[in-house]
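In order, the protein sequence lines correspond to chains A and B.
Every letter in the first sequence is one number past the one before it in the numbering used here, and letter 110, counting from 1, is 110.
Take the position in the second sequence, starting the count at 1, then add 1000; the result is the number in the numbering used here.
To be clear, the hints were calculated from the coordinates, so they are not data collected in a lab.
Hints are supplied without guarantee of correctness; some may be wrong.
Unchecked claim - Sample of chain B residues with no beta-carbon within 10 Å of chain A, all distances over it, derived: (1) Ala-1062; (2) Glu-1075; (3) Val-1110.
As the list claims (entries may be wrong) - Stretches of chain A that chain B covers, calculated by requiring three or more beta carbons in the stretch to come under 8 Å of a beta carbon on chain B: (4) 4-14; (5) 92-98; (6) 139-145; (7) 161-173; (8) 176-184; (9) 242-251.
As the list claims (entries may be wrong) - In silico negatives: residues of chain A with every beta carbon more than 12 Å from chain B: (10) Leu-27; (11) Arg-61; (12) Thr-62; (13) Ala-64; (14) Ala-153; (15) Pro-204; (16) Gly-222; (17) Gly-224; (18) Pro-239.
We put the beta carbon where it would ideally sit given N, CA and C, even for glycine.
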Amino acid sequence: MNPWQAPSPALADLRPGRVRRYAGGVLEVEFPPGLPPAAPGQFVMVDLGDSALPHPFTPFRTLAGGGFTLLLRPQGRPVAALLARRRAGQAVRLFGPLGRPFPPPPLGARAFAVAESGRIAPLHLLVRLLGEAGGVTLFVGGDDDAHFAALAAFRLPGVRIERRRGGGWPAVEAALARAGTDDVLYAAAPEPALARLDRALGKPGRQGPRAFLALEVAMACGVGACYGCPVPLRRPPDPRRPYARACADGPVFPAGEVALG
Amino acid sequence: MSAAAVDLGRGLRLANPVLLASGPFGYGGRYLELFDPARLGAVVLKGTSPVPWPGNPPPRVAAVDGGLLNAVGLENPGVEAVLAGPARSLAERGCTVVLNVVGHDEDDFVAVARRADLSPHVAALEVNVSCPNVPDGLRYGTDPRAVAGLVAAVRRVTRLPLWVKLPPAPPDRRALARAVADAGADALSLVNTLPALALDRTGRPRLGAGAGGLSGAALRPVALLAVRECADAVDLPIIGMGGVETAEHARAFFAAGARAVAVGTALFRNPLAAVEILAALEADPDPQPPPRR
Ligand SMILES: Cc1cc2nc3c(=O)[nH]c(=O)nc-3n(C[C@H](O)[C@H](O)[C@H](O)COP(=O)(O)O)c2cc1C
Ligand code: FES
């Protein structure tokens, strides 16, 4: 099976298993097999019973035997709800994988991956495949211990990790300085950081590198049904249809396609 | 009330009384890979206008205590594209397709209805006079005279069964329901979302459109009252909706006077919600009522 190819989604009730704790309150929670393996950058919907909406998560690590893990940042993720489910021994309903994945790199391109503010979960499988295929440099930026948590998971064949600590978007700046015209850049970061990357690449006269941006957008259905996750298109083919759907047309968009921040 | 076939007027018989509500299921998306909507009584498509509508700016959804706020704003590709695309493909999969009709004015509603009347893929129309998320959305849904005029105008251009979808808490619900019935509607859909507001910590609206419509569990008791009062006021079949998440909720709507139920927001947490409700009704069609004290 081609690991870059998005499979058909499925639905499963799975019990959260082992939990690993990292710096800054970051958690990694194991799940048993039950869903088709995600392509890099895809997400799964997780219903924790705490809200009318399920939570989108990018599977973090693939486990031997078909299980996977989710990475929970201390802010903004339903940590308490998931841990309560786990303590009670209750299954949670998941469905996926969903969304448009990162594409494989063009032949001969050098690959760079960029994570800011702890958004490394969408990059693990990507970086693993890129490392096996010919190598990748992963820039990790942030100003908090939590932003550098779980990096041990990225010690993989062919993967070079470069940390950039500081304000602004230090990993974005480092990748922009390093990547050449024929290279390819993959980024997962808060929207202002992706917007910075998008603007730099869109400068008149700048030829490349090609870039793919993983957005984090509020969603409801996750399956392209409800139109609850619009992202404005930069140049809509029909002005009466100005939006793409983050869950179905994304969450990965080529730089230049959507209007950011 | 069982899971058996139901008659919704003007010769429309649905195989069972569990429907998909307009909006959350959209045109199916990848729900089609998770369950088969043809097993359900009918699929009500998203609000459809004569020409494409862009919808509201993001964010369009926000979870709140007990439910969901949405302000999608009726984004849709227009009636031609809907009939040629999803209406057709869902009908060809074996779904009974109902078209939810929206417009800024009477001409818009009439244009969509006239066009849909020509389609072999549409089984009924649901006239949406109750969307809180567009500027004119509630213009007809609160005034018995205005809604009667609109329904009569649509009635004149189509032979399709005509359902009218009302807001959850209009000023005079009984008068509204009677006006709709007298104007020639075949069924009532009750209810649409309830206008509502969610603010973030800084006091700014959480939705791009400002306010939105409340759906989900918090809407259920509001919807039950609407169904009960309309069932008392008019003799039309009622499709009940608002926070239907389980077979027990469906049975409550039947007890209040609904002939069918539609499932919306519950799909988000559980894509199988509608088919699981149907399976539970089939497994236990007439549970014994609890003994009276
Ligand atoms: C995201 C979303 C989109 C909706 N879109 C429509 C629509 O296009 N037309 C309509 O008549 N109702 C629409 N509704 C209202 C639902 O059909 C239903 O009346 C309401 O949500 C109550 O049912 P529920 O609690 O099961 O969702 C929408 C609701 C939601 C949550
Ligand atoms: S979340 Fe429903 S269409 Fe994207």
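Worksheet item: For this structure, which hints from the list above don't hold up?
Response: 1, 2, 6, 7, 8, 16, 17 and 18
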